[in-house]
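*Asks:* These are the residues of each chain, in order.
Number of protein chains: 2
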Amino acid sequence: MTYFSEHDIEKLHHLYQINLINSCSGYKSANLIGTKSKKGIENVAVFSSITHIGSSPAMLGFFLRPTTAIRNTYNNIKETGFFTINHIHKNILEQAHHTSAKYSAEISEFDMTSLNSEYQNDFFAPFVQDAPIKLAMQFVEEYNIKANNTILLVGKITGLYINDGLIENDGFVNLSKAQIATINGLDGYAVPQERIRFGYQRPKQLTADN
Amino acid sequence: MTYFSEHDIEKLHHLYQINLINSCSGYKSANLIGTKSKKGIENVAVFSSITHIGSSPAMLGFFLRPTTAIRNTYNNIKETGFFTINHIHKNILEQAHHTSAKYSAEISEFDMTSLNSEYQNDFFAPFVQDAPIKLAMQFVEEYNIKANNTILLVGKITGLYINDGLIENDGFVNLSKAQIATINGLDGYAVPQERIRFGYQRPKQLTADN
Chain A
1 MTYFSEHDIE KLHHLYQINL INSCSGYKSA NLIGTKSKKG IENVAVFSSI THIGSSPAML
61 GFFLRPTTAI RNTYNNIKET GFFTINHIHK NILEQAHHTS AKYSAEISEF DMTSLNSEYQ
121 NDFFAPFVQD APIKLAMQFV EEYNIKANNT ILLVGKITGL YINDGLIEND GFVNLSKAQI
181 ATINGLDGYA VPQERIRFGY QRPKQLTADN
Chain B
211 MTYFSEHDIE KLHHLYQINL INSCSGYKSA NLIGTKSKKG IENVAVFSSI THIGSSPAML
271 GFFLRPTTAI RNTYNNIKET GFFTINHIHK NILEQAHHTS AKYSAEISEF DMTSLNSEYQ
331 NDFFAPFVQD APIKLAMQFV EEYNIKANNT ILLVGKITGL YINDGLIEND GFVNLSKAQI
391 ATINGLDGYA VPQERIRFGY QRPKQLTADN
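So the protein sequences, as listed, match chains A and B.
Position 202 of the first sequence, counting from 1, maps to 202 under the numbering used here, and the rest follow consecutively.
Position 208 of the second sequence, counting from 1, maps to 418 under the numbering used here, and the rest follow consecutively.
One or more hints might be untrue.
[To be verified] Part of the chain B face toward chain A, derived, beta carbon under 10 Å:
1. I251
2. S265
3. I393
Hints listed in this document are in silico derivations from the structure and should not be mistaken for laboratory results.
On a predicted model such as this, the values are computed, not experimentally measured, just so you know.
Glycine included, each C-beta is placed from N, C-alpha and C at the ideal position.
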């Protein structure tokens with residue numbers, strides 16, 4: 001095994017360090033966040049940090065980096081209160097990843113890629129057409145993570161759209177059937193093919209064999 | 211598509227709701243967190259919410275549910291300040307998932323599964339033997355998420371162990387080569403086979419063609 005101490009990590013070349021540390025937590029969710037400014041300019045950007053926070057009420061969170069560069073997604077959410085989460089699937093990997101390029105607030109990534117926006121049920125923020133799972137989200141609160149000055153943004157699910165055939169009898173959504181992607185590091189994508197379910201686990205009884 | 215409004219989600223049967231909402235954020239990281247109590251009892255538990263927070267300093271966070279039941283992982287971390295993160299890979303899926311069963315604080319999941327603990331470089335908390343990636347973590351801070359009374363726990367990477375052959379020239383760690391798993395919902399696991407990398411994206415020039 002290769003071992004990196006805290007000191008070793010700090011001394012790594014910047015690009016090597018961000019690739020290593022962004023890969024070492026495991027697979028990440030692959031989503032496009034859609035927003036719209038008050039002026040009406042649509043924005044869509046790839047995010048890999050969207051995380052389950054709770055089922056009831058249904059809430060998700062994600063982290064925004066402390067970049068001093070353009071933060072259109074954050075600004076639009078704070079300005080309007082709404083955003084969408086759209087799953088990245090096999091057919092849009094490259095276009096989805098390109099939304100990580102730093103465009104100014106005046107330019108919509110929908111114009112710079114083949115991704116198309118669409119609107120559902122009068123929701124303010126744009127969804128990504130053809131995404132197999134789409135969520136309408138409302139801003140709830142944010143936390144400043146003091147340790148490194150990032151922001152945790154928490155949102156509530158106010159609408160959920162799921163393609164036909166993906167939901168199993170008990171509510172489980174089969175992501176592999178939808179060819180939904182997962183992210184490895186900063187720029188790696190994989191589309192898992194199969195899934196196995198193990199069910200709810202109960203403690204085994206203590207016996208002499210354990 | 212199937213559409214669930216906020217009201218529809220609230221009215222779902224509990225098990226259907228937790229399966230649906232736990233699946234709808236996308237793929238999640240698949241990790242075992244290792245801890246040890248002051249009394250010396252080892253604990254290991256599966257977590258799917260470990261998320262990248264920053265590369266420099268190298269920090270990760272994860273969410274703990276507001277369960278009033280046993281929270282050995284949280285208590286041990288608060289008591290001792292240390293934990294480990296160990297990646298779940300193809301050969302230990304079932305054993306890893308069984309650590310989600312609610313054992314009392316007096317029982318170590320290492321005794322109730324075929325998972326083995328191991329110690330490295332005098333680090334206080336136990337690692338999981340054979341995990342292809344292992345992280346030594348130190349508690350930094352925690353946030354109470356008011357919206358649903360969960361906790362975000364933030365830790366610093368103080369040591370990183372990666373199996374030979376997984377790190378590419380630029381620091382990218384190839385998770386698929388290690389047969390590392392990703393989690394779908396509460397109990398679904400997939401082991402992605404291939405990965406594609408798209409590289410760092412720069413804005414395209416605006417032309418008449420865009």
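*Asks:* Please go over all the hints and tell whether each is borne out by the structure.
*Replies:* Comparing the hints with the structure gives:
no.: 1; hint: I251; verdict: 14 Å, violated
no.: 2; hint: S265; verdict: 4 Å, holds
no.: 3; hint: I393; verdict: 8 Å, holds
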